[in-house]
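Enquirer: Using the sequences and the accompanying hints, generate a full structural model.
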Amino acid sequence: MKKKIILFSMLCMMAIGASAQQAAMPTIIVFPSDTWMNDHGYMDKFDNDGETEYIPKYNDAFVQTREMGTAIIAVQKVLEERGFQHEDLQSLLKDMKRERAEELANAADGDGAEKGAMDELMQQARPDIRVDLDYAVKPFGPRKNISFTLKAVDAYCNDQVASCEGTVEGTMDPVDLALRKVVAGKIDDFCQRIMDYFADLRDNGRQITVIFRVADGSGIDFLRDEIGDDEDTYSDFLYSWVRKHAVNKAAKKGRQTKKMCEYKNVRIPFFNDEGDPIEGEDWAKGVRKAFKAETGIKVAKGQGNSLGRVNFLVGVE
Amino acid sequence: MKKILLFIAAALMIGGTAMAKDDVPDYDYELSLAKENVAATSGFKVFKVWSFGKKKETLTQEIGMRNAIHGLLFKGLAAADVGSQGNVPALVPDGYDSHKEYFDVFFANGEFKQFIQLTSRGAQQAGDVVKVGKKYKVGLLVQVNLSALRKRLEKDGIIESAKGMFRR
Numbered sequence: 026m027k028k029k030i031i032l033f034s035m036l037c038m039m040a041i042g043a044s045a046q047q048a049a050m051p052t053i054i055v056f057p058s059d060t061w062m063n064d065h066g067y068m069d070k071f072d073n074d075g076e077t078e079y080i081p082k083y084n085d086a087f088v089q090t091r092e093m094g095t096a097i098i099a100v101q102k103v104l105e106e107r108g109f110q111h112e113d114l115q116s117l118l119k120d121m122k123r124e125r126a127e128e129l130a131n132a133a134d135g136d137g138a139e140k141g142a143m144d145e146l147m148q149q150a151r152p153d154i155r156v157d158l159d160y161a162v163k164p165f166g167p168r169k170n171i172s173f174t175l176k177a178v179d180a181y182c183n184d185q186v187a188s189c190e191g192t193v194e195g196t197m198d199p200v201d202l203a204l205r206k207v208v209a210g211k212i213d214d215f216c217q218r219i220m221d222y223f224a225d226l227r228d229n230g231r232q233i234t235v236i237f238r239v240a241d242g243s244g245i246d247f248l249r250d251e252i253g254d255d256e257d258t259y260s261d262f263l264y265s266w267v268r269k270h271a272v273n274k275a276a277k278k279g280r281q282t283k284k285m286c287e288y289k290n291v292r293i294p295f296f297n298d299e300g301d302p303i304e305g306e307d308w309a310k311g312v313r314k315a316f317k318a319e320t321g322i323k324v325a326k327g328q329g330n331s332l333g334r335v336n337f338l339v340g341v342e
Numbered sequence: 034m035k036k037i038l039l040f041i042a043a044a045l046m047i048g049g050t051a052m053a054k055d056d057v058p059d060y061d062y063e064l065s066l067a068k069e070n071v072a073a074t075s076g077f078k079v080f081k082v083w084s085f086g087k088k089k090e091t092l093t094q095e096i097g098m099r100n101a102i103h104g105l106l107f108k109g110l111a112a113a114d115v116g117s118q119g120n121v122p123a124l125v126p127d128g129y130d131s132h133k134e135y136f137d138v139f140f141a142n143g144e145f146k147q148f149i150q151l152t153s154r155g156a157q158q159a160g161d162v163v164k165v166g167k168k169y170k171v172g173l174l175v176q177v178n179l180s181a182l183r184k185r186l187e188k189d190g191i192i193e194s195a196k197g198m199f200r201r
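Those protein sequences? They're chains A and B, same order as listed.
Heads up: the first sequence at position 157 corresponds to 182 in this note's numbering, and the numbers run straight through without jumps.
Heads up: the second sequence at position 61 corresponds to 94 in this note's numbering, and the numbers run straight through without jumps.
I should point out that these hints are in silico values taken from the structure, not numbers from a laboratory.
Not one of these hints is a red herring.
Okay, derived cross-link-like pairs now, SDA-like style, lysine to any residue, Cα gap no bigger than 25 Å in a straight line:
id : chain 1 : residue 1 : chain 2 : residue 2
1  : B       : K196      : A       : D298
2  : B       : K89       : B       : E63
3  : B       : K167      : B       : E95
4  : B       : K108      : A       : I219
5  : B       : K188      : A       : D225
6  : A       : K102      : B       : F77
7  : B       : K196      : A       : I98
Expert: Have a look at this one:
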């Protein structure tokens with residue numbers, strides 16, 4: 026009898042454990058900072074109507090230098106150990122290369138799939154939290170000073186999540202060892218800041234950006250077209266829907282033009298009323314129905330949606 | 034006669050335990066992170082713990098180790114050299130009383146010792162035992178496995194893990 030009770034209680038505990046729901050965690054990717062890439066000659070520059078555009082060559086940077094790779098691995102090791110979700114930039118780049126090779130092979134066989142500009146964009150590494158790592162070495166005689174910064178930014182709302190900086194003075198250590206030491210020394214505080222940021226997300230909701238765009242040729246004007254007789258414009262209606270469904274009604278207006286409405290810092294819950302984990306796209310699903318019910322205009326899901334960014338196309342046929 | 038003997042024995046025992054309690058120093062300490070003692074690997078911290086007490090005999094290595102873990106749990110560790118080292122935030126910033134029963138057991142049964150070790154077998158250097166006013170100050174260089182300590186606290190539900198924050 027006793028054995029049965031113990032077995033039963035163990036089964037119950039297992040069932041409770043299995044029903045624990047895990048919401049999607051923000052993915053962290055560590056990048057060499059743009060300044061470092063430029064200092065070491067790994068930036069392509071081109072003139073875009075008078076404005077200089079920079080394109081980082083991460084592949085070259087990883088193959089041709091050792092120290093940056095070591096420093097990134099040292100940071101990633103801690104992220105891994107602390108249970109943060111992260112991806113390795115170097116592996117992502119290799120993945121993209123393989124995909125490109127596959128596409129080329131398919132095209133050579135005559136089975137090439139059509140590839141749009143959006144697919145190109147989707148292939149880029151897109152973190153939810155981007156960590157930029159920068160260092161500079163200034164030698165004097167046999168010794169050197171090394172300055173170091175690490176900065177984490179939420180990729181959707183550009184909030185700075187965490188940062189740390191420091192200078193190693195007059196060290197005779199090799200650069201990679203000095204970098205490992207400084208990472209080991211600084212990373213606890215850095216991780217704590219990320220944890221504080223996560224705690225804020227848990228308590229007040231995940232921050233996302235919601236964007237509505239007018240489909241080509243539909244003739245819709247977000248700022249002038251009104252719903253019914255109550256003089257609410259389309260943009261008013263969308264704003265009130267977003268606010269009503271956000272945690273603590275937290276949302277603010279971003280760019281508002283007749284062709285586009287953007288809502289930033291929209292706080293959404295991790296779980297829906299049924300207790301299932303949801304993401305931005307699931308949360309915003311209701312607005313499509315509500316908008317169609319009010320106006321009869323169809324709203325389609327846009328491309329390029331991610332954990333913190335939801336796009337809609339209004340007025341599609 | 035027997036009764037008197039028993040009474041004396043009981044009185045001695047009570048006195049003895051009271052003495053033993055008196056002999057255990059309070060959590061009176063300082064932690065300092067020095068430039069020359071940097072661990073080049075993450076997850077470990079090497080630092081010096083200075084324990085204070087009225088009698089230097091009571092400031093044993095065990096008391097030093099206890100104080101070191103207590104400090105990392107509740108007070109954190111401030112970096113002396115701000116250039117290459119950062120602060121270590123307290124693992125349980127809510128303090129001892131937030132999980133009093135857990136920590137009473139944790140410190141009483143010596144569980145804390147599995148996360149700490151002495152460096153150079155606790156050999157003390159000149160200047161590691163100092164008399165400050167009416168108290169003694171005893172220094173000890175220790176190495177703490179911070180990541181194992183954190184994992185243990187996460188497992189026991191004392192602190193939250195990153196994954197745990199997104200779970201329900």
